[in-house]
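Asks: Position in the sequence shown (first residue = 1) + 1178 = my numbering.
Don't read these hints as lab results, they were simulated from the structure. Model, not experiment: these values are computed from the prediction. Even for Gly, the Cβ is constructed at its ideal location relative to N, Cα and C. It is possible that part of the hints are untrue.
Unchecked claim - For each label pair, taking beta carbons as the anchor points, the in silico distance ranges come out as:
| id | residue 1 | residue 2 | range |
| --- | --- | --- | --- |
| 1 | V1427 | F1470 | 18 to 28 Å |
| 2 | F1470 | A1387 | 15 to 25 Å |
| 3 | L1440 | D1332 | 25 to 35 Å |
| 4 | G1330 | P1356 | 21 to 31 Å |
| 5 | G1330 | R1294 | 33 to 43 Å |
| 6 | P1472 | P1356 | 35 to 45 Å |
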Amino acid sequence: MDPARLGVARRSRARAHRARAELSGHSGPRLADRARRRRVSPGRVPDREQRRGGSQSHRPVVVFARREYRHRARPAGSLGMLGPALLVSLLLAGALPVLSAPAPARAAPTAPAPSREMRAAMALLILVVTLRSWTQLGFTTFVPFYYVDHLGADPRIVGPLLFVFLGAGALGTIIAGPLADRFGARPFMVWACLLAVPLAIGFVLAHGALAFVMLGAVGFTLISTFSVSVVLGQAYMPRNLGMASGMIVGFAIGAGGLGVTLLGWVADHWGLPVTLWITAVLPLLGFVAALFLPEPKGR
């Protein structure tokens, strides 16, 4: 073919291509695809045409978004937000005089002098709390082993057992406060330790659903004395409230945890049933020790 005719044909196709692009609104993806296919030199892409085609493809979206924004951004919507702001401002303006008024002067109450500390009673209370914690941790440690290893129960029963025991104890701490306020912290400690003995023995002897009920009753009775013992310890040491709380919550409960080591030694040598029987009888020792607890002075 004649080179002159070939050049004319190419120029005609280029003009037709530009006309189609203008009529179609500069179809961006199609124009960019054509620009990528044309190679001016090996390994080089005509970036100018690609950028122009790609940006033109987004133009209708930008125009539509701009029109929507102008259509929705009405002054009435912004002015409508002034209503809640004005209402809050009026409420604050009315409350400012009351809030800024000085508080009426009150005579400082004279605090009574703290009573003398009862260190011997505190030591006895630590013994009671240690025995109680020993019993509580003994049940939470060895009841799962007793059911799974000794009775051959399904291991999935361990979760419900501990939930009943600890959940009932959490409920007991809520109910113990009003009872201790009504009858006294010392009598509550004494009778709780005594009541825990038959309940613990009943759990060891029970089977099936009754065992869950008895275990919940044991947890309710034992763990309910937790907060009451802290209050009683602070009453025995009114000048050192922080130390009293630390000795009850930290030292006594930690000492009870050490007693579980001895129970583990018993379980290794004499078996889990003997261990549970010893754990069930431990609150009886706590009851005997609690009988010698004196009433706090000043009450």
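Asks: Look at each hint and say if it fits the structure.
Replies: Each hint, compared with the structure:
1. V1427 <-> F1470: 18 to 28 Å: 22 Å, holds
2. F1470 <-> A1387: 15 to 25 Å: 39 Å, violated
3. L1440 <-> D1332: 25 to 35 Å: Because 29 Å falls inside the window, the suggested range holds.
4. G1330 <-> P1356: 21 to 31 Å: Violated, at about 42 Å.
5. G1330 <-> R1294: 33 to 43 Å: 57 Å, violated
6. P1472 <-> P1356: 35 to 45 Å: 23 Å, violated
Going down the numbered hints, you'll see the structure goes against 2, 4, 5 and 6, while the others check out.
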